[in-house]
Amino acid sequence: ETGVTQTPRHLVMGMTNKKSLKCEQHLGHNAMYWYKQSAKKPLELMFVYNFKEQTENNSVPSRFSPECPNSSHLFLHLHTLQPEDSALYLCASSQGSASGAKNIQYFGAGTRLSVL
Amino acid sequence: RKEVEQDPGPFNVPEGATVAFNCTYSNSASQSFFWYRQDCRKEPKLLMSVYSSGNEDGRFTAQLNRASQYISLLIRDSKLSDSATYLCVVGGGSYIPTFGRGTSLIVHP
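Same order as they appear, the protein sequences are chains A and B.
When you line the first sequence up against my numbering, it's residues 41 to 156, in that order.
When you line the second sequence up against my numbering, it's residues 3 to 111, in that order.
These are computed hints drawn from the structure, not numbers from a lab.
Just so you know, these numbers come straight off a predicted model, no measurement behind them.
You may find that some hints are simply not true.
[As the list claims (entries may be wrong)] No more than 27 Å apart at the CA atoms, straight line, and that leaves these computed lysine-lysine pairs for DSS-like:
1. B:Lys47 <-> B:Lys81
2. A:Lys80 <-> B:Lys47
3. A:Lys81 <-> B:Lys47
4. B:Lys81 <-> A:Lys80
5. B:Lys44 <-> A:Lys76
6. A:Lys81 <-> A:Lys59
7. A:Lys76 <-> A:Lys62
8. A:Lys80 <-> B:Lys4
9. B:Lys81 <-> A:Lys62
10. B:Lys44 <-> A:Lys80
11. A:Lys76 <-> A:Lys92
12. B:Lys44 <-> B:Lys81
13. B:Lys44 <-> A:Lys62
14. B:Lys4 <-> B:Lys44
15. A:Lys81 <-> B:Lys4
16. A:Lys81 <-> B:Lys44
17. B:Lys81 <-> A:Lys81
18. B:Lys81 <-> A:Lys92
19. B:Lys4 <-> B:Lys47
20. A:Lys92 <-> A:Lys80
21. A:Lys80 <-> A:Lys62
22. A:Lys81 <-> A:Lys62
23. A:Lys62 <-> B:Lys4
24. B:Lys47 <-> A:Lys58
25. A:Lys59 <-> A:Lys76
26. B:Lys44 <-> A:Lys59
27. A:Lys92 <-> A:Lys58
28. B:Lys47 <-> A:Lys92
29. A:Lys81 <-> A:Lys58
30. A:Lys92 <-> A:Lys62
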């Protein structure tokens, strides 16, 4: 266990559904991240929160909406997704800007999302 | 030019072989370097940090060459369980690290 928990582990949704992914970290970290990983493709950084403030939005479509109510929790709200959004969605946490460049990320097990 | 580049492989080696991966980075101001391992359909996990003087952890040796802007990972006496994707991670001026696309290693009997 890395101390980063993601739920659900698997999700199947239709294109008209609304769902949310949840991430919780128990490591006392200040930064949290959402990544997307499609089959046989590299990690794509989506969003970054540092001390609850969004510091990075990597040109992500508005059908993905992040929320970070506190440093321990991160959500990704999904609506009107497309089949090409099917992927593994990974959450990570780290010390963030407080650690400077020596910023090791710890990942959750991911949510495997299928959009039908 | 991509910020962090890796040969995607796959590297296909027999058990007991020694295998090495390189990773190049473009930001000369980069200050921190890591190797992560990702098993199939699992999350990436930190394998080891890379220090300026090079460092070793059992069968794994990591090296940094700042002049040529690359890091390397050497795996000795490969095991079947070493089969995975090895991700090069570089921390630059920002606290947000940059991941390479990974190098796939397959160790066969």
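Each hint tested on the structure:
Of the supplied pair hints, the one linking B:Lys47 and B:Lys81 holds, its CA atoms being roughly 18 Å apart against a limit of 27 Å. Restraint check for A:Lys80 and B:Lys47: the C-alpha separation of about 17 Å stays at or below 27 Å, so the hint holds. Under the criterion of a C-alpha separation no larger than 27 Å, the hint pairing A:Lys81 with B:Lys47 is consistent with the structure, at around 17 Å. For the proposed pair B:Lys81 and A:Lys80, the alpha carbon gap of about 23 Å is at most 27 Å, so the pair holds.
For a cut-off of 27 Å, the pair hint linking B:Lys44 to A:Lys76 stands: about 13 Å separates their Cα positions. At most 27 Å may separate the alpha-carbon atoms for a hinted pair to count; A:Lys81 and A:Lys59 meet this at roughly 24 Å. The hinted pair formed by A:Lys76 and A:Lys62 meets the criterion: a straight-line CA distance of about 14 Å does not exceed 27 Å. For a cut-off of 27 Å, the pair hint linking A:Lys80 to B:Lys4 stands: about 18 Å separates their Cα positions.
For the given pair, B:Lys81 sits about 36 Å from A:Lys62 by alpha-carbon distance, which is inconsistent with the 27 Å threshold. At roughly 12 Å between alpha-carbon atoms, B:Lys44 and A:Lys80 fall within 27 Å of each other, so this suggested pair holds. Taking the CA atoms of A:Lys76 and A:Lys92, the gap is about 20 Å. The hint holds against a cut of 27 Å. For the hint linking B:Lys44 to B:Lys81, the alpha-carbon distance of about 19 Å falls within 27 Å, and the restraint holds.
Distance check on the hinted pair: B:Lys44 and A:Lys62 sit about 17 Å apart at the alpha-carbon level, within 27 Å; holds. Note on B:Lys4 and B:Lys44: the hinted pairing holds, with a Cα-Cα distance of about 25 Å set against a maximum of 27 Å. A C-alpha spacing of about 15 Å is found between A:Lys81 and B:Lys4, which places the hinted pair at or below 27 Å, so the restraint holds. As the CA atoms of A:Lys81 and B:Lys44 are separated by approximately 13 Å, the hinted pair is consistent with the 27 Å bound.
With a C-alpha separation of about 25 Å, the suggested pair B:Lys81 and A:Lys81 falls inside the 27 Å cut-off, and the hint holds. A hinted pair counts as satisfied when its Cα atoms are at most 27 Å apart, and B:Lys81 with A:Lys92 does not qualify at roughly 42 Å. The straight-line distance between the Cα atoms of B:Lys4 and B:Lys47 is roughly 23 Å, inside the 27 Å bound, and the hint therefore holds. Between A:Lys92 and A:Lys80, the direct Cα distance comes to roughly 31 Å. Violation of the 27 Å bound is thereby established for this hinted pair.
Between the alpha carbons of A:Lys80 and A:Lys62 the distance comes to roughly 24 Å, so the proposed pair stays at or under 27 Å and holds. With a C-alpha separation of about 23 Å, the suggested pairing of A:Lys81 with A:Lys62 holds against the 27 Å cut-off. The suggested pairing of A:Lys62 with B:Lys4 is violated, with an alpha-carbon distance near 31 Å, which exceeds 27 Å. A hinted pair counts as satisfied when its Cα atoms are at most 27 Å apart, and B:Lys47 with A:Lys58 does not qualify at roughly 30 Å.
This hinted pair checks out: A:Lys59 and A:Lys76 have alpha carbons roughly 16 Å apart, not beyond 27 Å. Between B:Lys44 and A:Lys59 the CA atoms are separated by roughly 22 Å; this keeps the pair inside 27 Å, and the hint holds. Straight-line distance between C-alpha atoms of A:Lys92 and A:Lys58 comes to about 23 Å, which keeps the hinted pair within the 27 Å bound. Distance hint between B:Lys47 and A:Lys92 is fulfilled; the C-alpha atoms sit about 24 Å from each other, no more than 27 Å.
Distance restraint check for A:Lys81 and A:Lys58: the Cα-Cα separation of roughly 26 Å lies within the 27 Å cut-off, and the hinted pair is therefore satisfied. Note on A:Lys92 and A:Lys62: the hinted pairing holds, with a Cα-Cα distance of about 15 Å set against a maximum of 27 Å.
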